[in-house]
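Number of protein chains: 2
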Amino acid sequence: MGEVILSIFGFGNVGRATAQVLLEKAGIFREKYGVNIKVVSISDTSGTVWLPEGIDLPEALLVKENFGKLSKWTNDYEVYNLSPREAVREIDADVVIDVTNDKNAWEWHRTALREGKGVVTSNKPPLAFHYEELIKEAEKRDLPYLFEATVMAGTPIVGLLRGNLRGDTIERIEAVLNATTTFILTEMERGMSFERALERAQKLGIAERDPSGDITGVDAGYKATILHCLAFRPITFNEAKVRGITEVTEGEIERAKARGKTVRLVARVEGGSVTVEPKEIPRDSPLAVESHENAAIIKTDLLGKLVISGAGAGLKETASGVIGDILKASLTLLKR
Amino acid sequence: MGEVILSIFGFGNVGRATAQVLLEKAGIFREKYGVNIKVVSISDTSGTVWLPEGIDLPEALLVKENFGKLSKWTNDYEVYNLSPREAVREIDADVVIDVTNDKNAWEWHRTALREGKGVVTSNKPPLAFHYEELIKEAEKRDLPYLFEATVMAGTPIVGLLRGNLRGDTIERIEAVLNATTTFILTEMERGMSFERALERAQKLGIAERDPSGDITGVDAGYKATILHCLAFRPITFNEAKVRGITEVTEGEIERAKARGKTVRLVARVEGGSVTVEPKEIPRDSPLAVESHENAAIIKTDLLGKLVISGAGAGLKETASGVIGDILKASLTLLKR
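Heads up: the sequence lines are chains A and B, in that order.
No gaps in the numbering here: position 135 of the first sequence is 487 in my numbering, and each next residue is one more.
No gaps in the numbering here: position 36 of the second sequence is 388 in my numbering, and each next residue is one more.
Because the hints were derived from the structure by calculation, they are not lab data.
Note that the coordinates shown come from a computational prediction; the quantities given were computed from them, not determined experimentally.
It is possible that part of the hints are untrue.
When chains are identical, the list treats them as one kind, so a pair holds in a single copy or across two.
To be verified - With a Cα cut of at most 30 angstroms, we get these calculated BS3-like pairs of lysine-lysine:
hint, residue 1, residue 2
1, K377, K651
2, K488, K390
3, K421, K377
4, K424, K377
5, K377, K609
6, K613, K555
7, K609, K488
8, K488, K593
9, K657, K631
10, K424, K609
11, K651, K384
12, K384, K593
I would like the entire structure built from these sequences, with the hints used as guidance.
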């Protein structure tokens with residue numbers, strides 16, 4: 353049995369879902385992989401709870417649920433006021449987990465790697481803007497830097513591209529990578545206006561209060577950029593051409609429908625080019641996904657067409673990617 | 353730049369396609385992965401051509417194409433008469449490639465591992481009958497034992513199950529894993545009899561001269577057994593329940609069609625159970641594949657439904673899996 357020590361950054365929906373799964377499946381992970389996972393710190397925007405002996409996860413979840421902030425947790429635990437960078441430096445851990453939305457997280461990812469810690473992230477901007485630097489930093493130190501949950505939640509497209517198809521030359525990837533826009537476009541197809549569909553998505557918790565990342569195509573653009581880095585070569589989001597769904601009219605949707613087609617926000621990734629835009633697609637295309645499903649068509653020279661589809665959003669679906677990476681990192685580190 | 357030495361067993365269609373790709377993409381593999389691949393021996397049923405300095409692949413392909421047998425190659429090369437086991441022992445190589453149909457190959461896979469060599473195989477019976485023993489042997493010695501091409505050709509379902517989804521508990525896999533039966537069933541749907549459809553498949557080179565492995569469901573059964581080993585725990589093909597398509601009547605196909613459904617040979621894999629049988633499936637199911645496509649639906653606790661589909665047969669499509677594994681094995685061995 354090997355012990356792996358985690359430091360978790362972010363205790364929003366995904367962070368809590370991750371903690372919940374770590375808790376529920378701890379016994380399975382011990383038995384199946386011989387890995388005992390200990391969480392020594394959790395940080396949210398209110399502060400950092402840190403206990404080298406290991407944090408009581410049920411209690412952490414309860415505090416967060418009842419008070420909304422970890423800083424309210426005062427009976428047994430010290431709450432520290434540390435920047436992520438300080439926390440990454442000071443807290444002794446094997447793997448740093450980033451389930452925040454911190455746009456500048458790449459800096460403390462780099463710090464973590466330089467401190468000899470592995471990194472698992474569901475946070476996209478570090479990869480979409482600093483892929484090359486972070487991967488090089490990790491490779492130089494032979495540390496795991498894993499990011500399955502950044503694209504298509506836990507659906508393992510990152511793992512698939514990172515560890516497989518090595519003999520193939522990838523020619524193109526076409527993918528639907530954002531579930532909120534699929535929801536809105538589907539509602540519009542049923543006759544709802546863009547504004548009402550967006551409102552409905554927010555009410556159901558599918559779109560965030562600030563939905564701009566989704567509807568402007570930035571979220572899909574980040575993901576498509578990461579796919580480009582994996583399948584071709586490192587680039588940054590600044591090179592991506594992105595048009596969201598805000599200008600899609602009810603008329604366009606109607607006309608597509610009349611032609612037996614449907615509109616989705618489609619990412620197209622080719623060597624040197626990343627494009628995200630609304631497109632008409634045939635109803636029987638693998639990209640004509642519904643609900644929270646994402647899909648990708650990968651074209652290669654040897655294999656031809658490969659399709660992978662599955663959940664692209666959702667809490668336990670995203671936790672699936674984070675936890676899969678935590679276990680992958682753990683097994684790599686324990687093997688040494 | 354690291355050099356990796358291969359010993360290839362089998363020089364039929366898949367073996368030649370593999371050699372062809374190794375030849376054509378040698379420069380790409382050197383540049384992209386820093387791996388120089390040298391083939392020091394090739395064996396077919398007529399004998400073993402072995403040259404420690406490396407075999408001239410274009411010439412090997414030419415000899416095989418023109419004379420049908422490697423033993424006809426007499427000008428520069430010595431042709432040896434060795435059993436696979438002897439060849440595996442005597443020939444100095446880093447990785448042994450099995451692209452034969454040898455049902456007893458598990459014995460020389462084991463020999464290869466005991467001799468400290470990695471193994472890459474597209475040959476199914478060793479896995480379908482001796483998975484546990486072979487994997488343990490490889491793990492004990494920390495050697496790559498890779499078999500992507502045994503299931504769904506190069507479509508990376510093996511890699512996906514082996515290295516990803518570690519946090520998920522797999523509940524069930526349903527899959528169409530044999531392309532010949534899909535061809536025959538599709539032709540029958542168009543009004544052809546089973547016998548005529550089979551003849552046509554043989555004429556087109558889709559079915560082998562002895563098609564029993566495909567039509568009795570044994571081929572799909574081997575593959576489903578391997579998926580069970582990956583997703584649940586090691587078992588053998590002897591525990592699989594298999595019914596092929598030989599008893600599917602034109603009437604059954606017609607009735608399915610009338611209900612808007614289609615018949616496919618479907619494998620169902622659950623903890624402790626492997627079943628292969630012809631089943632009616634809805635036309636919009638991911639399993640309603642056409643032509644040489646295979647598909648699998650993987651159900652898990654966290655992620656829900658994951659679908660992967662792509663080529664399940666074909667020469668370069670199978671070579672894709674073999675070559676991907678050769679590179680994976682090479683990178684693992686060179687990292688040491």
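Now for the hints, and whether the structure bears them out:
1. K377 - K651: Between copies, since 17 angstroms is at most 30 angstroms while 36 angstroms is not.
2. K488 - K390: Both: 28 angstroms inside a copy, 29 angstroms across copies.
3. K421 - K377: within (25 angstroms within a copy, 55 angstroms between copies)
4. K424 - K377: within (27 angstroms within a copy, 60 angstroms between copies)
5. K377 - K609: Answer is neither; intra-copy 45 angstroms and inter-copy 44 angstroms both fail.
6. K613 - K555: So K613 and K555 pass the 30 angstroms test inside one copy only (28 angstroms; across, 38 angstroms).
7. K609 - K488: So K609 and K488 fail the 30 angstroms test inside a copy (46 angstroms) and across (55 angstroms) alike.
8. K488 - K593: within (26 angstroms within a copy, 49 angstroms between copies)
9. K657 - K631: Both: 20 angstroms inside a copy, 25 angstroms across copies.
10. K424 - K609: This pair counts as neither: shortest intra-copy Cα distance 52 angstroms, inter-copy 63 angstroms.
11. K651 - K384: Between. Shortest inter-copy distance 19 angstroms satisfies the 30 angstroms Cα cut-off; intra-copy 35 angstroms does not.
12. K384 - K593: between (44 angstroms within a copy, 27 angstroms between copies)
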